[in-house]
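> Sequence order for the protein chains is G and P. Using the numbering used here, you'd call the opening residue of the first sequence number 1 and step up by one each time. Using the numbering used here, you'd call the opening residue of the second sequence number 1 and step up by one each time.
Read the hints as simulated data drawn from the structure, not as lab findings. The reader is advised that the hints may include incorrect statements.
Incomplete in silico selection of chain P near chain G, CB under 8 Å [unchecked claim]:
| no. | residue |
| --- | --- |
| 1 | F89 |
| 2 | M150 |
| 3 | R288 |
| 4 | T319 |
| 5 | A320 |
| 6 | G329 |
| 7 | M333 |
| 8 | V335 |
| 9 | G336 |
| 10 | A342 |
| 11 | R344 |
| 12 | E361 |
| 13 | P364 |
| 14 | N408 |
| 15 | G409 |
Straight-line Cα separation of at most 25 Å, SDA-like style, residue types lysine to any residue; simulated pairs [stated by the list, open to error]:
| no. | chain 1 | residue 1 | chain 2 | residue 2 |
| --- | --- | --- | --- | --- |
| 16 | G | K346 | P | L58 |
| 17 | G | K346 | P | K92 |
| 18 | G | K92 | P | V388 |
| 19 | G | K93 | P | D345 |
| 20 | G | K302 | P | G339 |
| 21 | G | K32 | P | A370 |
Now the in silico label distances, taken between C-beta atoms and shown as ranges [what the hints assert, rightly or not]:
| no. | chain 1 | residue 1 | chain 2 | residue 2 | range |
| --- | --- | --- | --- | --- | --- |
| 22 | P | G339 | G | T213 | 22 to 28 Å |
| 23 | G | A299 | P | G353 | 22 to 28 Å |
| 24 | G | E368 | P | G353 | 32 to 38 Å |
| 25 | P | G353 | G | A369 | 33 to 39 Å |
| 26 | G | E96 | P | P10 | 47 to 53 Å |
| 27 | P | P7 | G | R68 | 54 to 60 Å |
| 28 | G | T4 | P | T4 | 27 to 33 Å |
| 29 | G | E96 | P | E260 | 23 to 29 Å |
| 30 | P | S367 | G | E368 | 53 to 59 Å |
| 31 | P | P7 | G | S300 | 53 to 59 Å |
| 32 | P | D171 | G | E368 | 53 to 59 Å |
| 33 | P | A138 | G | D345 | 30 to 36 Å |
| 34 | G | G339 | P | P7 | 53 to 59 Å |
It should be emphasised that the depicted structure is a prediction, and the values quoted were computed from it without experimental measurement. Quick reminder that beta carbons are idealized off the backbone N, C-alpha and C, glycines included.
Protein chains: 2
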Amino acid sequence: MTKTISPLAPTSFAELPGLEGVRIATAAAGIKHADRTDLLLLVFDKAAVAAGVFTQSLCPSAPVDFCRANLAGGRARALVVNSGNANAFTGKKGSEAARLTAEMAAQAANCDMGEVFLASTGVIGEPLNAGKFAGALAGMAKEALQDRWMEAARAIMTTDTYPKVATRAVDIAGTEVRINGIAKGAGMIAPDMATMLSFIVTDADISRDVLQTLLHEGVENSFNAITVDSDTSTSDTLMMFATGGAATRGAPAISDRADERIGAFKTALFDLMKDLAHQIVRDGEGARKMVEITVTGAASNKAAKVIALSIANSPLVKTAIAGEDANWGRVVMAVGKAGQEAIRDKLQIWFGGIRVALNGERDPDYSEAAAASVMKEPKIDVLVDVGVGNGKATVWTCDLTKEYVAINGDYRS
Amino acid sequence: MTKTISPLAPTSFAELPGLEGVRIATAAAGIKHADRTDLLLLVFDKAAVAAGVFTQSLCPSAPVDFCRANLAGGRARALVVNSGNANAFTGKKGSEAARLTAEMAAQAANCDMGEVFLASTGVIGEPLNAGKFAGALAGMAKEALQDRWMEAARAIMTTDTYPKVATRAVDIAGTEVRINGIAKGAGMIAPDMATMLSFIVTDADISRDVLQTLLHEGVENSFNAITVDSDTSTSDTLMMFATGGAATRGAPAISDRADERIGAFKTALFDLMKDLAHQIVRDGEGARKMVEITVTGAASNKAAKVIALSIANSPLVKTAIAGEDANWGRVVMAVGKAGQEAIRDKLQIWFGGIRVALNGERDPDYSEAAAASVMKEPKIDVLVDVGVGNGKATVWTCDLTKEYVAINGDYRS
Numbered sequence: 001m002t003k004t005i006s007p008l009a010p011t012s013f014a015e016l017p018g019l020e021g022v023r024i025a026t027a028a029a030g031i032k033h034a035d036r037t038d039l040l041l042l043v044f045d046k047a048a049v050a051a052g053v054f055t056q057s058l059c060p061s062a063p064v065d066f067c068r069a070n071l072a073g074g075r076a077r078a079l080v081v082n083s084g085n086a087n088a089f090t091g092k093k094g095s096e097a098a099r100l101t102a103e104m105a106a107q108a109a110n111c112d113m114g115e116v117f118l119a120s121t122g123v124i125g126e127p128l129n130a131g132k133f134a135g136a137l138a139g140m141a142k143e144a145l146q147d148r149w150m151e152a153a154r155a156i157m158t159t160d161t162y163p164k165v166a167t168r169a170v171d172i173a174g175t176e177v178r179i180n181g182i183a184k185g186a187g188m189i190a191p192d193m194a195t196m197l198s199f200i201v202t203d204a205d206i207s208r209d210v211l212q213t214l215l216h217e218g219v220e221n222s223f224n225a226i227t228v229d230s231d232t233s234t235s236d237t238l239m240m241f242a243t244g245g246a247a248t249r250g251a252p253a254i255s256d257r258a259d260e261r262i263g264a265f266k267t268a269l270f271d272l273m274k275d276l277a278h279q280i281v282r283d284g285e286g287a288r289k290m291v292e293i294t295v296t297g298a299a300s301n302k303a304a305k306v307i308a309l310s311i312a313n314s315p316l317v318k319t320a321i322a323g324e325d326a327n328w329g330r331v332v333m334a335v336g337k338a339g340q341e342a343i344r345d346k347l348q349i350w351f352g353g354i355r356v357a358l359n360g361e362r363d364p365d366y367s368e369a370a371a372a373s374v375m376k377e378p379k380i381d382v383l384v385d386v387g388v389g390n391g392k393a394t395v396w397t398c399d400l401t402k403e404y405v406a407i408n409g410d411y412r413s
Numbered sequence: 001m002t003k004t005i006s007p008l009a010p011t012s013f014a015e016l017p018g019l020e021g022v023r024i025a026t027a028a029a030g031i032k033h034a035d036r037t038d039l040l041l042l043v044f045d046k047a048a049v050a051a052g053v054f055t056q057s058l059c060p061s062a063p064v065d066f067c068r069a070n071l072a073g074g075r076a077r078a079l080v081v082n083s084g085n086a087n088a089f090t091g092k093k094g095s096e097a098a099r100l101t102a103e104m105a106a107q108a109a110n111c112d113m114g115e116v117f118l119a120s121t122g123v124i125g126e127p128l129n130a131g132k133f134a135g136a137l138a139g140m141a142k143e144a145l146q147d148r149w150m151e152a153a154r155a156i157m158t159t160d161t162y163p164k165v166a167t168r169a170v171d172i173a174g175t176e177v178r179i180n181g182i183a184k185g186a187g188m189i190a191p192d193m194a195t196m197l198s199f200i201v202t203d204a205d206i207s208r209d210v211l212q213t214l215l216h217e218g219v220e221n222s223f224n225a226i227t228v229d230s231d232t233s234t235s236d237t238l239m240m241f242a243t244g245g246a247a248t249r250g251a252p253a254i255s256d257r258a259d260e261r262i263g264a265f266k267t268a269l270f271d272l273m274k275d276l277a278h279q280i281v282r283d284g285e286g287a288r289k290m291v292e293i294t295v296t297g298a299a300s301n302k303a304a305k306v307i308a309l310s311i312a313n314s315p316l317v318k319t320a321i322a323g324e325d326a327n328w329g330r331v332v333m334a335v336g337k338a339g340q341e342a343i344r345d346k347l348q349i350w351f352g353g354i355r356v357a358l359n360g361e362r363d364p365d366y367s368e369a370a371a372a373s374v375m376k377e378p379k380i381d382v383l384v385d386v387g388v389g390n391g392k393a394t395v396w397t398c399d400l401t402k403e404y405v406a407i408n409g410d411y412r413s
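The shape of chain G in the complex, shown without the other chains (with noise of 0.2 Å):
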C-alpha cells in the first residue's frame, strides 16, 4: 500500500472545535494492521437526531444493512466506525458480527441497540473479527472527548493518504451552531455513494425529516458529484447527526423543512460536503490532477451530469490527463457515447479557460502550447458546451495513473 502523501493534498487541516453532545474516542484494535487506529466511537450522550444515505449497491454491506434498519427509529446514541474490514459479502457471520458490534456498543453507551449505527471498511469477503471490540468499546466510551476529530478522521482511513476533515459556522437566528464533518476515500468512488464514509455532526437542534431532507439535497451536487473509478461500493455511507447542544446556547428548534432560519445553515451544510467530497477527489488513489468538468448547454441539469459523468468517467480522457495531453477528441468521444443529446457540429470545448474546439471542430485559433501549458496545472478544468438547452452540471474526479493501477493490482496483499 503506498503511503506517499497526494500532490493534490490539502497544505493544511482545518482545526475542527468540539461539538456539545457528541465525545470521541479511537483505539487501535488490530483488525488488519497492528500499527494504527482502526476504531471510531462516537458518543452521544443524550441521543442526537440520526440522518443518512446508504450505498445503491445490491450486495450491500452488513452494517449498511444495520443503518437503514435503525434509521426508522431516527434516533442515535453512539456510532462504531471500523477500518481494515468492510464486513461486506460476509453472510450470516457478517450480520451476526454488526448484531455483536452493537450490542457492545450499546452496553458501553449505555443505550438501545436500536440507537446504534456502524460503518465498516476495507477489504470485502474477510469475515470480521468483532470480538476484537469487545475489550475496547467498554473503556472508549467512558474516556471518549469532545476534542477529537482528527483523531476520529485518521482512524477510519484505508488507502487514504490524508485524513479529511471540515467545519463550518454559522447563525441560526442569532445563535451560533457548528457543523463538523469526517470523510473517508479512496477508490470505489463514484456516484451512488462508493467506498466512501462521511459522518457529520452539528450541535444544532434540527428534526429529522428536516435533516434527512437536507442530505438527500446536499448529496446529490457534493457526494454525488465526484467520481474516482466509476466503481461503487458496497459500503457508501453518508451519515449526519444533530445533537441540539447549541439550544442550550438560544439555538431554536427547527421542525419544519419551510423554516427560513435554516437558509444559512443549509449553505453552510452543503459547502462542507463539497469541501469533504472534493478532498476525496483530492485523494483519489493514484491521483495527480484534480480535473472539474462542467458541462452547459444540455437538455436537462440531469441530461448535463450523465455527459459530464461520462467523461469523468471515461479511462481513456482520464489518462490523457495524466498524460498532459489535452486531447478533446477524447472528449468528444465521451459525449457521444453518454447517450443524451448533444449537438455535434455546435460542440464547444475548453481546458483551462483555452477553447480547444468550436462549432464541432478545432478552434481556428487553437494553440497546441497554450493548451499544452493548462495541461500542466494540478487542477484541470474542462468546459463543455453541447448547444442544446439551458441544462448545466459540474462534476468532479482525478487522472488515471499507473499509481492507480500499482495501488488495486495488490491491494488484498
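Start from chain G and add chain P according to the hints.
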C-alpha cells in the same frame, strides 16, 4: 506507441483465400506515418450487397454519416479505409474530405458515389487531408488483387500489435462458399461498437435484408459482448459484403430470412465474428490477460449481460486481474452496482473453475493457493451465479495494466 506484440496474440494467422468478386489493394499515403501502409481499397467489380452496423455515438465521424446514408442503396462497388486519422469531429471540412474521398474512389472504380463506403480510424479532431489519396486510388483500383487479405488487415491497424483475420468455409445447398473477415481494435473498445472496424466479405449470394438481419443478430454475442475500457468510439463500423461470386459455382440466391439453407452459413458467420471479436480483446491496449466473464442465474439474458459488463468494465476488477489477485470482493461490488436483480446471500463465484464464494460469503473450502495458481494463467474465466432465474450471458475483456495508462497517456504525440 508501443510495438511489442501482445502476449495474448495468436501463435499463427489464418490464411485467407481470395474470394470471387472482390479485389484488394493497399498503399502508403503518409497520413500519419511515412513508413507503413495506411490506405485500403476493396473493389467489387460487380456490385456487392452491403450491410452495416455502426457506432451508437451521438457524435459519429464523417465516414459513419456517409456510410449510413449510402446503406439505404445497399449496393457496394468500393470500400475505402484509412488509418492514422479518424476524420471525426472535423466539422464541414470532415464531410468534405469524406465526399472528396468517395468521389475519387468512384472515379477509380468507375461507379456511382452512392456505391462507395468509407471508414477512417486514428486520432480524432485533426482535419483529414483527403488530397493525399488523390494520386493513389486510381492506381490501386487497377492493381487490386483477390489474394491480399493479410495486407488489408495490416493497413487498417492503429495501436493494434497484430493484424486480425479470420476465414470460414461453409456449404450452402452443396456449394462451398467462403467468409473472410478482418478487424482492428484496440482502444475505445466497448459494447455499442467502439473504435473497432471490421469488414467481412462472402462470395455467397445473399440479399440485403437477410445480410443485415444476420449482422444485427451476430453482433450481440461477438463485437457487442467485448469491452476493453468501456469507451465507445465515434467511428465504430462493422460492414459485410456479399459478392455473390459463388453463384457461378452453383450457390443458390438466399433472399428469405427463413430459408433453412442459411443455417450452417449463419453458424459459421457468427463463429467468425466471435473469433475476430476475441482477437480484438486479446490485443486490448496493454492487455496481459484475456478474461471471459459468464453470468448465470439472472432474471433474463439481458440482465445477465448488464451484470457481466459491469464486472468487465470495473477498473477495480481489471486491476486485480492484472495483479493476479482472485479478488472476489470486487466482483461482488460490480454485481451490486449493476442495478440488476441479484440475491446477495445466494451469490456464487468461480475463478477458473475454483469456487471462491458460496451463499454470499467466502467458500468454506476456499484455497488461496488454488485460486492464486489459476490467476497466473493468461486466460481467466470468471463465473458468477446471481441466484435469481435462468438468464445467462458471456462477455470478454482484458485486464487493466500500467501499459494501458502509458499507451493512452501519450497517444497523440
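> All hints are to be evaluated individually against the structure, with a verdict given for each.
Evaluation of the provided hints:
For the restraint placing F89 of chain P at the interface with chain G, the shortest Cβ-Cβ distance is roughly 5 Å, inside the 8 Å limit, so the hint holds. The restraint placing M150 of chain P at the interface with chain G is violated, with a minimum CB-CB distance near 29 Å, outside the 8 Å limit. Interface restraint check: R288 of chain P against chain G, minimum CB-CB distance 11 Å, threshold 8 Å, status violated. The criterion of a C-beta within 8 Å of any C-beta in chain G is met by T319 of chain P, whose closest approach is roughly 4 Å, and the hint holds.
The criterion of a C-beta within 8 Å of any C-beta in chain G is met by A320 of chain P, whose closest approach is roughly 7 Å, and the hint holds. With a cut of 8 Å, the hint placing G329 of chain P at the interface with chain G holds, because the nearest CB-to-CB distance is about 3 Å. For the restraint placing M333 of chain P at the interface with chain G, the shortest Cβ-Cβ distance is roughly 6 Å, inside the 8 Å limit, so the hint holds. At its closest, the beta carbon of V335 of chain P sits 6 Å from a beta carbon of chain G; the interface hint therefore holds under the 8 Å criterion.
With a cut of 8 Å, the hint placing G336 of chain P at the interface with chain G holds, because the nearest CB-to-CB distance is about 3 Å. Given the 8 Å rule on beta carbons, the hint for A342 of chain P holds: about 6 Å separates it from the nearest Cβ of chain G. Using the Cβ-Cβ criterion of 8 Å, the hint placing R344 of chain P at the interface with chain G is satisfied: the shortest such distance is roughly 5 Å. For the restraint placing E361 of chain P at the interface with chain G, the shortest Cβ-Cβ distance is roughly 3 Å, inside the 8 Å limit, so the hint holds.
Because the smallest distance between the Cβ of P364 of chain P and any Cβ of chain G comes to about 10 Å, over 8 Å, the interface hint for this residue is violated. Because the smallest distance between the Cβ of N408 of chain P and any Cβ of chain G comes to about 4 Å, under 8 Å, the interface hint for this residue holds. Interface restraint check: G409 of chain P against chain G, minimum CB-CB distance 3 Å, threshold 8 Å, status holds. Between K346 of chain G and L58 of chain P the alpha-carbon distance is near 13 Å, which keeps this suggested pair within the 25 Å criterion.
Between K346 of chain G and K92 of chain P the alpha-carbon distance is near 12 Å, which keeps this suggested pair within the 25 Å criterion. Of the supplied pair hints, the one linking K92 of chain G and V388 of chain P holds, its CA atoms being roughly 19 Å apart against a limit of 25 Å. Taking the CA atoms of K93 of chain G and D345 of chain P, the gap is about 11 Å. The hint holds against a cut of 25 Å. With a C-alpha separation of about 19 Å, the suggested pairing of K302 of chain G with G339 of chain P holds against the 25 Å cut-off.
With a C-alpha separation of about 23 Å, the suggested pairing of K32 of chain G with A370 of chain P holds against the 25 Å cut-off. Checked against the hint of 22 to 28 Å, the C-beta distance between G339 of chain P and T213 of chain G comes to roughly 25 Å, which is consistent with it. Between A299 of chain G and G353 of chain P, the C-beta spacing of about 48 Å breaks the proposed range 22 to 28 Å. Our hint of 32 to 38 Å for E368 of chain G and G353 of chain P is violated, since their Cβ atoms are close to 52 Å apart.
Distance hint check: the CB atoms of G353 of chain P and A369 of chain G are about 55 Å apart, inconsistent with the given range 33 to 39 Å. For E96 of chain G paired with P10 of chain P, a C-beta distance near 51 Å keeps the hint of 47 to 53 Å intact. Between P7 of chain P and R68 of chain G the C-beta distance comes to about 46 Å, which lies outside the given range of 54 to 60 Å. Take T4 of chain G and T4 of chain P: their Cβ atoms lie about 29 Å apart, and the range 27 to 33 Å holds.
For the pair E96 of chain G and E260 of chain P, the beta carbons lie near 59 Å from each other, so the given range of 23 to 29 Å is not met. Distance hint for S367 of chain P and E368 of chain G: a CB-CB separation of about 55 Å, consistent with the stated range 53 to 59 Å. Distance hint check: the CB atoms of P7 of chain P and S300 of chain G are about 46 Å apart, inconsistent with the given range 53 to 59 Å. In this structure the supplied range 53 to 59 Å holds for D171 of chain P paired with E368 of chain G, their Cβ-Cβ distance being about 57 Å.
At about 32 Å, the beta-carbon gap between A138 of chain P and D345 of chain G stays in the expected band of 30 to 36 Å. Evaluation of the 53 to 59 Å hint for G339 of chain G and P7 of chain P yields a failure: the beta carbon distance comes to about 35 Å.
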